[in-house]
Amino acid sequence: MALTRPLMTAPAPAPSPAVAAIAARDLVKRYRATLAVGGISFDIAAGSVTGLLGGNGAGKTTTIAMIMGLVRPSAGRVAVLGADMAHERHRVLHRMNFESPYVDMPHRLTVQQNLSVFARLYGVADVAGQIARLAEGLDLAGLLDRPCGKLSAGQKTRVALAKALINDPEVLLLDEPTASLDPDTADWIRSRLQDYCRQRGATILLASHNMGEVERLCDRVIMMKGGLIVDDDTPARLLARYGRSTLEEVFLDVARGRGAAGAEAGA
Amino acid sequence: MSGAAVLFSPRRVGAMVLRYWYLLRSSWPRLLELVYWPAVQLLTWGFIQLYVADNATFFARAGGAFIGAVLLWDILMRGQLGFSVSFLEEMWARNMGNLLMSPLTTAEFVASLMIMSIVRLAIGMVPVSVMAIFFFDFNIYAMGFALAAFFANLILTSWSVGLVVSGLVLRNGLGAEGLAWTIMFLFMPLACVYYPVAVLPDWLQHVAWLLPPTYVFEGMRTLVIDHVFRADLMARALLVNAVLFAAAAWAFSRLVESARDQGSLISAGE
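Protein sequence lines, in the order shown, are assigned to chains Y and F. For the working numbering, add 173 to where a residue sits in the first sequence, where the first one is 1. For the working numbering, add 1 to where a residue sits in the second sequence, where the first one is 1.
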């Protein structure tokens, strides 16, 4: 599977790193007695790729859902491209997109039909051209007339990625984008995401349990536990601070409540 | 390359209608089912009417009242089902997250569901109305303007009920799906589909007049039996419908907001 065409229509203007594409302030989500997210704040710089890490129940999916505007925060606020997602999300939804294992593409529709519907929903000007570009870039050309329900897991993920890129989004939210894929397909997907980021200068927030994926794609990692941010740094600095050689080991240290080596030394 | 933020875009409504059209045409059993139940209903009640009319002078004079009721009831029932089933398709397909994260607004989504309820209704009702002419010599189109008034009022009620059911399913998940198939039957005894309002006990008549379809079925009987079109009944039905639709739209928006608070939108379909 080789990438022969760019995944986007035209290069985007270079993003200004000083501008936060995503800004969360004192974000809290409480479901009755359960505190899912306990008051977190962060800025995601435009053009950066940030990993959101944490064990099951750490609050990653709820955080992403609040960023998308699908869940209303109990307190605090989150803005994407300057728009408050609780009240004015429709100002920016056409400039962002997402992929998540919690959603699916309609099974009875073909790949072409699904992409065509979403292209129109996102206001894509050249629907046929954009689908052709994505089909070539994501190796979907031979699948366009197949119903989505008849695709393999890897093929479905490529279609979901095509849908996530249908509007050349400036902000892309990815929740476990390579879950349940074989290593080869997962690696191929990561390459496509890297290509897209390089070409578009897009901002990506990625929730994942795959530490290799995070090390490869992300230039910053936010670690969550129990609804709180417990660490936030570049992969290299996290490795150095925890005295570990892989992010997986850092993840286990955080999950099991072992502090950073520097922190334990009183640094 | 993406369109700017517009709060109501006919193009996005068209995209959703296209999505449902692709779905409908992908399965002939789905298309057949749209005709099947109305046809069975029509034939059953039509032959009952023929039997009764042969044995009772009043029913002989009231020829067509039952068949008219069957056809109008199906507009109400299938209109709501057309709305609700299109909505449920998104839940069954686990596609709601994709739609809610897209620029599609709630108003556009609802507009596409309304259009699809009419499309599905037309696919089911046009062949059945032709069957009524063929088997029972009952031409519903001969009602002319009255039919348009009946249709407008019934479809408005069906959309109101469809909105509330969709909101409940969005808020509570597919556990509430059964409402989509059953809630309209609550209207059947109260809206006096097959008998006059006067048959009901006095206190229940007050309840019946709170429902817009009651005016339609009463108006249809007046038209078929006495050959009089009661415009006053249709105007009152429209007024009650306006209140009902406003209440349903408010309830739907509250249920969506409640779903957003409860986190139901990210697990929609489960």
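Just so you know, these hints were derived from the structure itself, not from any lab. Glycine is no exception: its CB is placed at the ideal position from the N, C-alpha and C atoms. You may find that some hints are simply not true.
What the hints assert, rightly or not - Calculated pairs, SDA-like style, for lysine to any residue (alpha carbon to alpha carbon, straight line, at most 20 Å):
1. Y:K323 x F:S28
2. Y:K329 x F:L100
3. Y:K329 x F:T58
4. Y:K398 x Y:D277
5. Y:K323 x F:Y23
6. Y:K323 x F:P11
7. Y:K329 x F:N140
8. Y:K323 x F:R95
9. Y:K323 x Y:D277
10. Y:K329 x F:Q206
What the hints assert, rightly or not - Cβ pair distances, simulated, as ranges:
11. F:E178 x Y:H382: 30 to 38 Å
12. Y:D299 x F:V7: 44 to 52 Å
13. Y:D199 x F:R26: 43 to 51 Å
As the list claims (entries may be wrong) - Okay, the calculated bits of chain F under chain Y, using three or more residues with CB under 8 Å as the criterion:
14. 76–82
15. 96–108
16. 146–154
17. 255–263
Verification of the supplied hints:
The suggested pairing of K323 of chain Y with S28 of chain F holds, with an alpha-carbon distance near 15 Å, which does not exceed 20 Å. Restraint check for K329 of chain Y and L100 of chain F: satisfied, since their Cα atoms lie roughly 17 Å apart, inside the 20 Å limit. In summary, the hint linking K329 of chain Y to T58 of chain F is not supported, as the alpha carbons are separated by about 65 Å, beyond the 20 Å threshold. At most 20 Å may separate the alpha-carbon atoms for a hinted pair to count; K398 of chain Y and D277 of chain Y exceed this at roughly 28 Å.
A threshold of 20 Å between alpha carbons decides the hint, and for K323 of chain Y with Y23 of chain F the separation of about 16 Å falls inside it, so the pair holds. Pair hint K323 of chain Y plus P11 of chain F does not hold up; C-alpha atoms about 31 Å apart against a cutoff of 20 Å. Taking the CA atoms of K329 of chain Y and N140 of chain F, the gap is about 50 Å. The hint is violated against a cut of 20 Å. For the hint linking K323 of chain Y to R95 of chain F, the alpha-carbon distance of about 16 Å falls within 20 Å, and the restraint holds.
About 13 Å separates the Cα atoms of K323 of chain Y and D277 of chain Y, which keeps this hinted pair within 20 Å; it holds. In summary, the hint linking K329 of chain Y to Q206 of chain F is not supported, as the alpha carbons are separated by about 56 Å, beyond the 20 Å threshold. For the pair E178 of chain F and H382 of chain Y, the beta carbons lie near 32 Å from each other, so the given range of 30 to 38 Å is met. Range check, D299 of chain Y to V7 of chain F: about 19 Å between beta-carbon atoms, so the 44 to 52 Å window is missed.
Between D199 of chain Y and R26 of chain F the CB atoms are about 50 Å apart, so this pair conforms to the stated range of 43 to 51 Å. Counting residues of the stretch 76–82 of chain F whose CB falls under 8 Å from any CB of chain Y gives 0; the rule of at least 3 is not met. Against chain Y, the stretch 96–108 of chain F contributes 11 residues with a C-beta closer than 8 Å to a partner C-beta. That satisfies the three-residue criterion, and the hint holds. Only residues whose beta carbon comes within less than 8 Å of a beta carbon in chain Y count, and the stretch 146–154 of chain F has 0; fewer than three means the coverage is violated.
Under a criterion of three residues with beta carbons nearer than 8 Å to beta carbons of chain Y, the stated coverage of the stretch 255–263 of chain F is upheld, 4 such residues being counted.
The earlier numbered hints that this structure contradicts are 3, 4, 6, 7, 10, 12, 14, 16.
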